[in-house]
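Student: In case you want the letters, here they are:
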Amino acid sequence: MKVEAGHSPTSPVSIHDLTVAYNRKPVLWDVDLDIPEGKLIAIVGPNGAGKSTLIKAVMDLVPKASGKVMIYGNTFKKQRKLVSYVPQRESVDWDFPIDALGVVTMGRYSRIGWCKPVRKIDYKRAMDALERVGMSDYARRQISQLSGGQQQRVFLARALAQDSTIYFMDEPFASVDAATEKAIVKVLSDLRSSGKTVVVVHHDLQTVREYFSHVILLNMRVVAHGRVEDIFTEENLKKTYGGRLTLLSEAVERMARH
Amino acid sequence: MSWSIIDTWIIIIGALCAAGCAIPGTILVLRRMSMMGDAISHTVLPGIAIAFLVTGSRDPTAMLIGSVAVGLLTAFLIQGIQSLGKVEAGASMGIVFTVLFAFGLVLMRQAVDHVDIDPDCVLYGSIELAWFDQEPDGLGIPRGAIVNSVMLLANLFVVLLFYKEFKITSFDPALAKSQGIQPSFMHYLLMTMTATTAVAAFETVGSILVVAMFIVPPATAYLLTNRFGMMFVFSIALSIVAAALGHLSAITIPTWFGFSGTSTAGAMAVATGVLFIVVLLVSPNQGMISRLWRRLSVRILVIREDILGLLWRLEERGQGKMLPIQLSEAIGTTELSVRMALLSLKKRGSVSKTASSWSLTERGRTNATKLVRSHRLWEVYLDKHFPQDTHQLHHAASRLEHVTTDAMESNLGHAEVDPHGSPVPDEE
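Protein chains in written order, with my numbering: chain B, 1 to 258; chain X, 1 to 428.
Please keep in mind that the hints were generated in silico from the structure rather than gathered at the bench.
Hints may contain errors.
Unchecked claim - Part of the chain B face toward chain X, derived, beta carbon under 7 Å:
#1 M59
#2 L61
#3 R80
#4 Y85
#5 P87
#6 F96
#7 P97
#8 M106
#9 Y109
#10 S110
#11 C115
#12 Q142
Stated by the list, open to error - Computed list of chain B residues with no C-beta within reach of chain X, every gap over 10 Å:
#13 E4
#14 G6
#15 A21
#16 R24
#17 K39
#18 A65
#19 V69
#20 R132
#21 S175
#22 K196
#23 E210
#24 G226
#25 D230
#26 N236
#27 L237
Built from N, CA and C at the ideal position, the CB exists for glycine as well.
Full structure from sequences and hints, please.
Tutor: Here you go:
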């Protein structure tokens with residue numbers, strides 16, 4: 001275990017000098033921050049700011065150009081059981097022949113281990129998770145027959161079934177109905193009161209104050225991060241959303257072309 | 001039709017081979033990479049040719065190694081060209097497998113001079129002759145049956161062992177990766193399985209049938225079930241049926257036209273297509289026939305209710321009888337469908353016929369009252385919440401009245417008259 005200078009070994013997610021590029025075009029530039037434990041944290045920023053990329057890079061889903069990520073002072077590879085993930089709903093094929101319970105059970109696969117069958121306890125945990133998002137009546141429903149909001153709740157249940165300490169959610173509130181929004185908010189506050197750390201990519205500025213305690217303002221680099229009441233100011237938002245071609249991004253793009 | 005032990009074995013070999021192909025085929029279809037089966041079964045050819053040229057013999061082990069290696073190379077190149085060349089998956093497959101296949105043909109020409117190998121045999125297979133190839137001798141079992149059984153069992157073993165890993169990496173590769181189940185490992189495992197199966201199937205049934213067996217039975221199964229596990233069961237069952245059906249039609253159908261029989265492998269491939277079309281037509285939830293039937297019954301229901309409403313409004317004006325032709329003109333549909341709807345209404349005891357005119361029975365009147373009531377309440381409701389001109393009101397209400405439940409009606413509110421001034425009837 002080696003912690004970079006200025007970073008805390010007890011932080012659930014400690015990101016050091018992280019840079020990510022697609023086709024040599026940087027998406028994240030020199031991101032450096034420690035995520036506080038047991039908080040609800042929103043990642044906020046304009047389209048293309050690298051919000052999804054940030055959580056994907058933390059989970060080794062996209063290659064890092066440089067930098068380091070530590071989960072409780074260790075690499076993600078060693079700590080992956082501590083991390084749950086809710087991907088964007090559009091990232092999968094909802095016509096896949098599987099029912100809601102089958103999807104939620106997938107959250108248990110890493111606990112079950114390679115080549116071993118799904119146990120009774122896993123189905124029970126999956127059913128409990130469906131119950132928590134108010135979807136237990138739909139357990140045996142084929143996933144294409146669910147509404148968009150219900151599909152999102154199935155994804156959330158799957159993360160709950162993973163039963164970990166850090167949750168990454170990619171736009172869980174994107175185009176969901178009121179019932180689903182309520183269900184998600186309830187799950188978020190449950191997670192918080194049981195001491196979990198929840199990091200949510202969020203696009204709706206109106207609800208940041210209401211739903212989250214902390215915020216990361218991101219636009220290729222971290223503009224500001226900290227408690228919502230300190231950081232979520234008009235001035236910081238202007239910095240985050242104001243014209244993308246700031247001096248720095250211009251310089252970075254020129255570097256990429258070299 | 002003359003049947004012999006040879007025919008029995010042809011079906012057994014065909015079925016074993018088809019079932020073996022259906023297993024990786026199912027996963028390929030679910031991953032939306034069906035054409036990968038096509039690509040890999042074509043590029044087995046250069047693998048075989050290279051093995052011939054290198055070893056100078058038809059040693060099956062060398063052939064297997066050569067083809068699986070080229071098969072994996074194919075998968076690797078396709079991935080590489082797709083990400084480096086920035087082309088779509090289909091184009092990338094097209095580039096790799098056509099070039100490699102052509103290269104295989106070129107090599108094969110060379111090999112023909114040295115080894116006893118017939119390119120036609122590779123393409124169309126030699127399932128008709130499979131019975132005569134019995135090695136090891138004395139078992140009375142053709143080699144093709146043994147090879148394909150081993151393949152089928154191996155595929156079953158792999159898919160059962162990695163059942164949930166194939167499931168999760170097919171459905172949500174990102175989640176799988178975050179949980180430490182490497183999608184790329186599963187991808188190349190699947191590619192190895194596909195290539196090995198293609199090689200085993202190749203010499204018994206030929207590449208044309210292999211391509212069909214990889215894709216068509218799983219695609220058919222996809223129409224029949226929405227469970228992952230059942231996809232495999234249905235794919236295997238369908239491919240066995242196609243093998244039997246294919247051989248039977250290969251030896252019977254041509255004789256009806258005075259020919260002596262046709263390529264069994266070809267007929268089996270055609271049979272998979274026929275099964276697909278049959279399922280497409282009759283599948284209970286997604287089939288075209290059941291969809292047409294549902295649409296037709298909704299149409300008849302609407303016409304039935306229109307007739308009831310029309311007769312009720314006639315009674316309101318003191319008439320109450322109509323000929324089918326008049327009804328059809330008033331509703332704006334064909335006389336035939338009006339007659340069909342009238343018959344079905346009569347069966348329900350809602351209308352009766354005197355001379356050639358039809359009128360409402362007591363029971364029909366009750367139903368009709370309900371319809372007209374909800375029609376007029378809808379007009380009131382629409383007029384109040386979405387003001388529009390009265391003709392549009394009538395048009396919208398005519399559609400809404402057919403789908404109004406009791407619960408909906410109680411929420412529509414109460415009114416004495418509709419916007420046109422006609423009274424809203426009370427429920428009886």
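Student: Against this structure, judge whether each hint is valid.
Tutor: Structure-based check of all given hints:
Given the 7 Å rule on beta carbons, the hint for M59 (chain B) holds: about 5 Å separates it from the nearest Cβ of chain X. Because the beta carbon of L61 (chain B) sits about 6 Å from the nearest beta carbon in chain X, less than 7 Å, this interface hint is met. Satisfaction of the interface hint for R80 (chain B) is found here, the shortest Cβ-Cβ separation to chain X being roughly 5 Å, below the 7 Å cut-off. Because the beta carbon of Y85 (chain B) sits about 5 Å from the nearest beta carbon in chain X, less than 7 Å, this interface hint is met.
Restraint check, P87 (chain B) versus chain X: the minimum CB separation of about 5 Å is within 7 Å; hint holds. Using the Cβ-Cβ criterion of 7 Å, the hint placing F96 (chain B) at the interface with chain X is satisfied: the shortest such distance is roughly 5 Å. Below 7 Å, beta-carbon pairs count as interface contacts, and P97 (chain B) has one with chain X at about 5 Å; its hint therefore holds. The closest approach between the C-beta of M106 (chain B) and any C-beta of chain X is roughly 5 Å, which is under the 7 Å cut-off, so the hint is satisfied.
The beta carbon of Y109 (chain B) is positioned within 7 Å of a beta carbon in chain X (closest approach about 6 Å), and the interface hint is therefore held. Nearest Cβ of chain X to the Cβ of S110 (chain B): about 4 Å, under the 7 Å cut. The hint holds. For C115 (chain B), the suggested interface contact is upheld, since its CB lies about 5 Å from the closest CB of chain X, less than 7 Å. Because the smallest distance between the Cβ of Q142 (chain B) and any Cβ of chain X comes to about 4 Å, under 7 Å, the interface hint for this residue holds.
Here E4 (chain B) stays apart from chain X, with its beta-carbon at least about 23 Å from theirs, past the 10 Å limit. Against chain X, the non-interface label of G6 (chain B) holds: every CB pair exceeds 10 Å, the least being about 27 Å. With a minimum CB-CB distance of about 15 Å to chain X, A21 (chain B) clears the 10 Å threshold, and the non-interface call stands. The Cβ of R24 (chain B) lies farther than 10 Å from every Cβ of chain X, with a closest approach of about 13 Å, so its non-interface assignment holds.
For K39 (chain B), the requirement that its beta carbon stay farther than 10 Å from each beta carbon of chain X is met, with the minimum near 21 Å. No beta-carbon of chain X comes within 10 Å of the beta-carbon of A65 (chain B); the shortest separation is about 17 Å. No Cβ of chain X comes within 10 Å of the Cβ of V69 (chain B); the nearest lies about 13 Å off, and the non-interface call holds. The claim that R132 (chain B) lies off the interface holds: its Cβ sits roughly 19 Å from the closest Cβ of chain X, which is beyond the 10 Å cut-off.
At roughly 19 Å from the closest C-beta of chain X, the C-beta of S175 (chain B) stays outside 10 Å, upholding its exclusion from the interface. No beta-carbon of chain X comes within 10 Å of the beta-carbon of K196 (chain B); the shortest separation is about 17 Å. The Cβ of E210 (chain B) sits about 29 Å from the closest Cβ of chain X, beyond the 10 Å cut-off, so the non-interface label holds. Every Cβ of chain X is farther than 10 Å from the Cβ of G226 (chain B); the closest lies at roughly 27 Å, confirming the non-interface assignment.
Its beta-carbon lying about 31 Å from the closest one in chain X, D230 (chain B) satisfies the requirement of being farther than 10 Å from that chain. The Cβ of N236 (chain B) lies farther than 10 Å from every Cβ of chain X, with a closest approach of about 31 Å, so its non-interface assignment holds. Every C-beta of chain X lies more than 10 Å from that of L237 (chain B), the closest at about 30 Å, which supports listing it as non-interface.
Violated hints for the displayed structure: none, as all numbered hints are satisfied.
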